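Taken in order, these protein sequences are the chains called A and B.
In terms of the working numbering, the first sequence opens at residue 1295 and continues consecutively.
In terms of the working numbering, the second sequence opens at residue 145 and continues consecutively.
Simulated from the structure, these hints should not be mistaken for lab results.
The structure presented is a predicted model; accordingly, all values stated were derived computationally and were not measured.
Misleading hints may appear alongside valid ones.
Label pairs and their in silico Cβ distance ranges [said to hold, decoys possible]:
1. A:Ala1357 x B:Asp536: 45 to 51 Å
2. A:Ala1357 x B:Asn524: 56 to 62 Å
3. B:Glu492 x A:Gly1410: 49 to 55 Å
To give a feel for the contact side, a few chain B residues facing chain A, derived at Cβ under 7 Å [said to hold, decoys possible]:
4. Tyr378
5. Gly379
6. Gly401
7. Val458
8. Ala539
9. Met540
10. Leu610
11. Arg611
12. Asn632
13. Pro633
Cβ coordinates follow ideal geometry from the N, Cα and C atoms, glycine included.
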Amino acid sequence: MGKAKNIILFGFGSFGKQLYKKLRSRGHNVKVIVGFDDYVEMESDASADIIRINITKNDDILALNLDEKESIFYCVMNKTANNLFLVLTLKSLYPNANVIANSNSKEATRKLKYAGASSVIDLYEATSRRIVNVLTKPAVSMALDEIIYNQNDLKMLEIKLKENTFLEGKYISEVKFRQMGIILIAIIDKELGYELIFTDHKINHKLDAGDILVIVAKESDIRKFQEMLEIKD
Amino acid sequence: MKRLNHKLLSYSYFLQGSKRYNRVKSFLSDLLENDEYPYKKYFDFFMIFIILSSVTLLVMDVKQHIPSWLDNIDLYFITTIFILEYLLRMWIYSDIHKIIIDEHDECKYFDKEVNWFSLFLKIVKNKWAYVTSLSAIIDLIAILPSYRGLRVLRVLVLFRAFKMLRYTKSLTGFLYVLKNKKFELMTLLTLSTFFIFISGIMLYVFEGDNKNPNIHNILDAFYWALITISTVGYGDIAPVTSEGRMVTMLIIITGIGLISFVTSIIVSSFNERLGVLREDRVVQEVGKKKKLTVICGYGLLGRLVSQGLKKNGVEFVVIDKNEEMTTLASQAGYHAVCANSTKGEVFEKLGINERISHVLCLTSDDIENAFIAINVKSLNEKVHVTARCSDDEIAMKMKCAHVDQIIMPEEIAGMMGAVYAGEPVAFEALLSIIEEKEKTQIDEVAITQGSFLDNKMLGDVDFEKLRLILLGVFKYSESFKLGEFVFNPSDEFVLNAGDTLICIGYSNAVSNLKRKM
């Protein structure tokens, strides 16, 4: 779908490995970095490109020549303390970097956010949410499975509007998204700042270049939609 | 003889097959014995009322003569009920016709004639086992006071009060404590008897020879010793000689020791029993629920899931083998039982066949989760089991054990991380919907028979006016529980009862739609 991104993955524990698999299956380029004494099970993931450095040393990290603008950093070390320290290190070296970290509790999430992680994935929070959803909203969790977890042609993605597309200057209600097989869930309207707005609110937004649409659709419909967007007015 | 034999056997088979007979018997056994039967409560109340009124009559009869009609009620009505109850309990205790059939089958198998005497003996032995049980003896004694010939028997009405223990569960807990500490209490009893014996005789020797006008015989001396050693000390009999006072001082000191010893034994026994009592209470409380979810393991994940379930109003019980964890869970206000969930016992207590619908295995150990899952599945295959697992290989094995859902935290979070890499905005949108951090959330609405959406074409429904985004519909089908997911259905799509809509929208908008259903 979206463009392939450069991803730097710090840590290769059980979570790191899963993340690596998922990222690779979506076509991203992943570089794995682990500490010297981190144990890495190699057998099944021999293909992984693993670099061993001393993760606490600034020089070692700088020596990797990481590109902070073009890559996303994932900090998924096994220990929360190591992870926190790593986020801090990365943020001090690359203040503008996009750093994502994993955590296992609300406590850790708070600290990681404070250290500068732009997004934190709480392993247990996400899991418990899913377990509860399966029990209380079975249909919803099945639908979400179809959209996010299962590898089928239903996808959720975001599209940033370029200049002079056919949507330029149109109001949301004028565009027949549903007939195109697309469900528009939310938008970021540049005129209203960077807040995410769900389209169930009865506000009719005007679409401009730079707005971001969050849509759910079948892959074939997405391709058609993107082709339509390519045609300049 | 042969004819009688044949007749008895055919009658036994008739009873075995009779629906009415079995219905009546099972109703009575529910009413008398089954704690979970809802109407047993009323029966128990009725019996307690009757017992209390007969005890009241006994007390009133001491000073003023009670009217004869009341006495007649006591004599005929209450006694009849007690006798009836006694006989019914004996009846439901076992099935005679089953014994006859079994005996007959056995004889047929070995080509023997049925031995009438041994058959009769077997039946009597079977019922005798009931008659000699403690509760049956109490029941029987409680009937006796109805015989007015002996005045002493009147006091046996109080045995009717003992009968009440049968109807109240909490009191039996106390008896259990006494039974549990039998050895310690017996030792103390022997010890105190010994002291009373010795000091009683000593006082009698010192003061019995007319020195103390209050001590007439050895019984008085023993009575004095008991009153003193128990620290009650009425003072109606007091030693007058200095030898007697020496004895008194000695037994007062031993008395204090003995009393505190008894108290501490009973208190500690109660403490030991407290966990079991609490567990019983939990089991009793959840016994009223129709549908129950069991969470095994109260670690990080267990805690979060408990919170989530509580928020959504799902009834659940937490099981953890670690007592600290169950204490934490009870403090958080959940039902918690400290037990080993790899054993069948706790699940049977909680009603695996009646009310448990889901079991979540959320301990941090994959192998233990698999163990619990297999344990539950072997008890009742229909229970929906969800197991947490971090290892692909163990996940495969769990699938073999027919675990309904395997949750891998790393996989779920890994997928989230991967989605974030490609579509950060979509990810944020999704996260805020799923986590219900904002008012916009995703929810499901089932279409009910005859509601305003039943049999309607989708094009005719104005979802915009309902302020909802329709993501898709689960088309109802007989074979699947939820059916097929139809994403973004067209305007010609017809909605029917049983279909489930997946909508995104304000929580108010969703509940609005649900209310309309």
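Consistency of the hints with the structure:
no. : hint                             : in the structure
1   : A:Ala1357 x B:Asp536: 45 to 51 Å : violated (35 Å)
2   : A:Ala1357 x B:Asn524: 56 to 62 Å : holds (60 Å)
3   : B:Glu492 x A:Gly1410: 49 to 55 Å : holds (52 Å)
4   : Tyr378                           : violated (64 Å)
5   : Gly379                           : violated (66 Å)
6   : Gly401                           : violated (52 Å)
7   : Val458                           : holds (6 Å)
8   : Ala539                           : violated (12 Å)
9   : Met540                           : violated (14 Å)
10  : Leu610                           : violated (9 Å)
11  : Arg611                           : holds (5 Å)
12  : Asn632                           : holds (6 Å)
13  : Pro633                           : violated (10 Å)
Hint check: violations occur at hints 1, 4, 5, 6, 8, 9, 10 and 13; the rest are consistent with the structure.
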